[in-house]
Amino acid sequence: MACINAKKTCWNCPAAKFKGNVDFTACGQSRNIEAENAQIMIECRRRPGLGHFEPTITFEDCPEWEEGDYGYMLKNMKVMILGIDGYLGWALALKLGKLGCKVSGVDNYWRRDCVAEKGSHTVVPIERMTDRLHAAREVHGIDINFRRIDVMDRDKLREFMDEVKPEAIVHYAECPSAPYSMVDAKHAIKVQENNVLGTLGVLFIMKDIAPEASLIKLGTMGEYGAPLTGRPLFEGIFPSDAALEWKGRKWSLGGELTPRDPVSFYHCSKVQDTFNVYEACKYWWLRSYDIMQGVIYGVHTDEIATDPRLKTRFDMDEWFGTVVNRFVAQAVLGMPLTIYGRGEQIRAFIALDDAMQCMVRLIFSPPEPGQYDVVNQVSGLFKVSDIAEAVARVGKEKFGLEIKIQRIENPRVESEKHPLEVVSKKLPNEFGFEQGVTLEKEVERMFEVLLQPEVKKRLEEKKHTIMPKTRWSGMKKESGTLEVYEPGSKEKEGFEGVLRRGA
Amino acid sequence: MEVTDKTFKQEVENYDWVVLVDFWGSWCPPCKTIEEVIARLEKEVDVKICSVNVNRNPITAKKYDIYGVPTLAIFRNGKEEERSVGSVTEGQILEMLERANK
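Protein chains in written order, with this note's numbering: chain S, 226 to 728; chain L, 71 to 172.
Certain hints may be false.
Here are the simulated DSSO-like pairs of lysine-lysine, each with C-alpha atoms no more than 27 Å apart in a straight line [unchecked claim]: (1) L:Lys113 with S:Lys650; (2) S:Lys475 with L:Lys172; (3) S:Lys507 with L:Lys133.
These are calculated hints, taken from the structure and not from any lab test.
Build the full structure now, drawing on both the sequences and the hints.
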């Protein structure tokens, strides 16, 4: 499993620079038939002594790629993280740094500002960036090249990218909150402007500065929605045997983008990104993995756990807290865990540590020139009410907490009872991803962190930001309680999620 | 099997019976999905199947005027006999092979 990318070649390698005769129109479904008759040649940025050659050297035969824990890994790979100060960005920076990557990153601290604007804070205290960078150097020996840049500032970003010449770009510099995008027009527009136009700018800069770098772009499983028909959520693209039948005629859908059904203006921004990235790959031979990530949760990676100054942020407010993180925060505060509506919503999830593993694997196994691919980055499907039960169970059994569950009016417009079938085959089968942590294990770690007196005090201070007040309808009103119940007192009903991971 | 500009003549044009040729592109999600079907058919049917990446093998792509991908073409005794442009289902490929083997 370790050498899953051994047979990839220069064709996939960001160090390979194409020398002339690249028929850019060939990436579209049309070809420029006037293209010159000659072999495609490359030169290697890392081994210029090889001159011009056909891109056929495999990773296992190339001295620049070394075998490691995640398959073959490009030595000192230059990875730029956009949004390096965030929950995911910081954790990934440390992981990549420890693996020997030359990590660079930008951030404008928008996430810190948004959470502050909403009157909340990260309950796990985090350092200022200068202190984080210092601690990373002191504890892990990692030098991170950081610039305070807003991705909307294209001139500055272009300049920095030109200086670094990244070999992979991880794009986390987006607002990740559905409720924040539903507050009012100002918030919706700001989210779409940053996410959609920011990404569009990144694509144009990559075209000019780093066309050989792969773009690992964060999307969300929420792009697909939850179809009531139970139609499987394929990995972004229909498989070869999918077909459209209409009035006795039949067409293959193989390779076409699957339907998207976003459920907030934030999710709409991610869907627009999907199309923009897909087109950029087609027009300019950029290469990208678009990641449909499940709802993220957790506090742990080996690197952030080493030193208190290296912690990543942890939000539990109604705008930036994700559901599992919020439930654990509520349990620690002695509040009933708040389920929206029926609680029969099924979602795909992944723990922070597993998501970071997936990212590393994707970075070291780059797509081909022009390749746009989608992965569903998911490790389990859970019903919201079952997550509440699991958090209550772990809280009681391991920490002696008495926890109740309450159903409240759903502030969102979403189906509250639906089937869900998710296909997530590529990461385990093509990239070697193996799930490392269960929901229960990570919830236990979260309790350990959140029960620390300093963290618990910070939770208490911002308790009032937990209950949802942002309704999709636009009405500003706290959701009323529908029912309070004891964990374990409900009969199981409704649908069960189906996760397809097999080959 | 993967065929290149260098080997196309030998593997396809000089071959004495039916060959199914899959012309595909690096940017082309439908091509990626057809790749799976082709891999399966290679094991299951008794017909020679060749794949040509049009981005890496521009000479062959130009010679046969591959104006869109995926293009599936049937060659018989080195001559192109039928082609289908755009994504197709496994059933449609099998129908092509049935016609070719008659």
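Review point. Taking 27 Å as the top limit, are the C-alpha atoms of lysine 113 of chain L and lysine 650 of chain S close enough?
Key: holds, 22 Å
Practice item. Given the hint that lysine 507 of chain S pairs with lysine 133 of chain L, test it: the Cα-Cα distance must not exceed 27 Å. Key: holds, 23 Å
**Study point:** lysine 475 of chain S paired with lysine 172 of chain L [C-alpha distance capped at 27 Å]
**Key:** holds, 24 Å
Taken one by one, the earlier hints all hold for this structure without exception.
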